[in-house]
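Starting from the structure of chain A, add chain B where the hints point.
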Amino acid sequence: MEKKEHIISILVHNKPDVLARIAGTLGGKGYNIESLSVNTTTSYEISKIVMTSIGNQATITRIENQLRKIVDVTQVDDLTNVESIHREMILVKMALTEETKDKIENLIDTHKWKVIVSTNSYHILEITGDKPQIDFALARLEPLGIADITRTGIVALKLDD
Amino acid sequence: MKLKGTEILLKMLEEEEVDIIFGYPGGTVLDIYDKLYNSSKLKHILVRHEQGAVHAADGYARATGKVGVCLVTSGPGATNTVTGIATANMDSIPLVVFTGQVPTTLIGNDAFQECDITGITRPCSKHNFLVRNIEDLASTIKEAFHIARTGRPGPVLVDLPKNVMASETDFDPANIQIRNIETAHKPVPKKMSKVFEMILSAKKPLIMTGGGVILGKASSELTELARKYQIPVTGTLMGIGSFPGTDPLWLGMLGMHGTYYANMAVSHCDLLIAVGVRFDDRVTGTIETFAPNAQIIQIDIDPSSINKNVVVDLPIIGETKTTLEDMIKFLTEHNYAQQADERKEWLNQIAEWREKVPLTYSQNGQLIKPQHVIETLYKVTKGNVIITTEVGQNQMWTAQFFPFDKPNTLITSGGLGTMGYGLPAAIGVKCAFPDKHVVDIAGDGSIQMNIQELATAAQYKINVKIVLLNNSYLGMVRQWQELFYDKRYSNTDMTYAPDFVKLAEAYGIAGLRAEKPEEVEPTLIEGLALDKPVLMDFRISREECVYPMVGPGSSIMDMKLGTREMIN
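Top line first, the protein sequences correspond to chains A and B.
Under our numbering, the first sequence is numbered contiguously, ending at residue 161.
Under our numbering, the second sequence is numbered contiguously, ending at residue 568.
These are calculated hints, taken from the structure and not from any lab test.
Note that the structure is a prediction, hence the values are computed from the model and not measured.
Check each hint, because a few of them may be wrong.
[Claimed, not checked] Below, in silico cross-link-like pairs of lysine to aspartate or glutamate (DMTMM-like), each with a Cα-Cα straight-line distance of 25 Å or less:
| # | chain 1 | residue 1 | chain 2 | residue 2 |
| --- | --- | --- | --- | --- |
| 1 | A | LYS69 | B | ASP302 |
| 2 | A | LYS15 | B | ASP110 |
| 3 | A | LYS29 | B | ASP280 |
| 4 | A | LYS69 | B | ASP280 |
[Unchecked claim] Have a look at the derived ranges for each label pair, beta carbon to beta carbon:
| # | chain 1 | residue 1 | chain 2 | residue 2 | range |
| --- | --- | --- | --- | --- | --- |
| 5 | B | PHE112 | A | ASN120 | 54 to 64 Å |
| 6 | B | ILE178 | A | SER84 | 27 to 37 Å |
| 7 | B | SER167 | A | ILE46 | 35 to 45 Å |
| 8 | A | THR59 | B | LEU42 | 39 to 49 Å |
| 9 | B | ASN307 | A | GLU34 | 16 to 26 Å |
| 10 | B | LYS436 | A | THR42 | 53 to 63 Å |
| 11 | B | LYS379 | A | THR59 | 25 to 35 Å |
| 12 | B | ASP34 | A | SER84 | 50 to 60 Å |
| 13 | B | LYS436 | A | GLU34 | 53 to 63 Å |
Ideal placement from N, C-alpha and C gives every residue a C-beta, glycine not left out.
If we strip away everything but chain A, and leave its shape as in the complex, we get (with noise of 0.2 Å):
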């Protein structure tokens, strides 16, 4: 069976150790959470979390088993299978220099990303997309030079119920 990476979104009871539950669930049984993304939802009391792992359908199934044994965990969707949105999102911050400022510049008003902190010697960008844009955006910025960076993990959405 082929291996690819699932989105699976997870609705949780929003108690201090849920995610701890999870992740030591999933870690126990030798599963890795590839990216993460955790928040409450309109209410305060249920979370969402949106994880991803990478492996053939048969051990995704397990992965969605062993979630579901969990006493907190209210519901699990895969969202791989089914129309869904996902997003990711990454502040970058690119330090100026003589040699890639108008560089780095261009790029910014070529793609139409969005500059959050501007200052002399550097600038911050927000970028948000699915994961190919994301990877887009990092092969251009990263040979001008990224300062630091930090990347969300996934969150995603199914277009029906």
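Chain B alone, transformed into the frame defined by chain A:
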């Protein structure tokens, strides 16, 4: 009504109809123990080690089907419960373990006897709670019992900080809300017609019964299905007792120490109906060679047990009892009748295997054979007894040579294989069934891991009987060393041990010894008749092995049969 946390705990235990708790006091639970001092409804058994408390509660739960309850203090009291909790977790036994905790204001400060017991037990319990607010106490306790006993059961730990238990809140037992947690899965009718098709086309069907049948109280349904349609039955260690051990359709346990005919049957069957099992590696041998010719139906309440080890053809997620009921109903309504000739051929084939290599041992010379002790125990009790075991050879010989006709009568640590389980578990069972014989079939290595519980039995006159199969070895490990490590008996000789008869007497219980085969029966009769706890020290043939044995990493067809020739 304003009540203190300690009072709410006791009220909630009453609400949950708890009549006995096994525990050990300490600093953070002093207030709770102070309330217990005046409680007439709750019986508290003071064990001698917290591990013993959990195993006793576990034995009580396995024998009664009810939730077992423990109470211990924080820190080392809590960490001493971990092996017991993991034992219950592996075998899906419902427990609620209450641990004391340092006051919430000190949590995280490395206070005296502080430990993060919810963190420690997270991977080995079904669920756990740290009660941070007195307002959550009643609902948390209610939820803990609910989680422990519903769905696939398991142990739940509730950590109780001292200051929370000392504070007050309004308490109204009629108005405690909990979350709806377990969802019942109903097998869809389509699956029943598929089951029907599979059974209809099967020439060599076999039922494999497991602990889920006992936990799901589905023994009578399983027995009806097997008998009505003449389907032979094998079982896992945890499934023993779910089908009558004296029924001709019973093939005994399968797997590493399974009977020859059970392992042959599972390897040759064309349909395997697996009920409440999880295909442990001790059962399957190498996965590729397990039931190679069979279509497999697996019935289990836990979706994570399906396709975990063995990939099955038809998974049915549901309670074992209702699913088997549905199955019998569907087969009856559709007038299923087995092909009598074909079934006869299959049963004859199994009978041939049984005749060729029966479960047996050689009784020669002046040495007591452990199998003979177990057979004699069956003879003198007529099987009317609840047995606990320790772990190792004693456990496997019991599973092989004592026919269990009823569920909840073999109480043994299957999944975790916890040495030291049998004695405290027997104490728990005997508390639930004071009028029944409760016997711990023990080994000399294993029983020494919780030997201190003899004091508990003596103090409360809990008249458990210990049948000690004493070979002065860690017998199962020695057996592996004999068979797979060139008889290099590294650290398995236990000759340096106490005189168990004197030890029993030192604890204030009776000690008996048998050294010759002809002493076995009189010793058992005398020991069972005494109105006190008894330790019977049977000095058995030292290097007796458990056979059949499937070597590690082998097919279960590939059995070592001891002195008999290898067959296949």
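The hints, checked one at a time:
1. A:LYS69 <-> B:ASP302: Answer holds: A:LYS69 to B:ASP302 is near 8 Å, not above 25 Å.
2. A:LYS15 <-> B:ASP110: Between A:LYS15 and B:ASP110 the Cα gap is close to 23 Å, so the pair holds against 25 Å.
3. A:LYS29 <-> B:ASP280: Holds, at about 15 Å.
4. A:LYS69 <-> B:ASP280: 19 Å, holds
5. B:PHE112 <-> A:ASN120: 54 to 64 Å: Holds, since B:PHE112 and A:ASN120 (Cβ atoms, about 57 Å apart) stay within the stated range.
6. B:ILE178 <-> A:SER84: 27 to 37 Å: 33 Å, holds
7. B:SER167 <-> A:ILE46: 35 to 45 Å: Hint violated: Cβ distance 28 Å, outside 35 to 45 Å.
8. A:THR59 <-> B:LEU42: 39 to 49 Å: 47 Å, holds
9. B:ASN307 <-> A:GLU34: 16 to 26 Å: 23 Å, holds
10. B:LYS436 <-> A:THR42: 53 to 63 Å: Taking Cβ atoms as reference, B:LYS436 and A:THR42 lie about 56 Å apart, which means the hint holds.
11. B:LYS379 <-> A:THR59: 25 to 35 Å: 51 Å, violated
12. B:ASP34 <-> A:SER84: 50 to 60 Å: With a Cβ separation near 57 Å, B:ASP34 and A:SER84 satisfy 50 to 60 Å, so the hint holds.
13. B:LYS436 <-> A:GLU34: 53 to 63 Å: Cβ of B:LYS436 to Cβ of A:GLU34: about 55 Å, so the range 53 to 63 Å holds.
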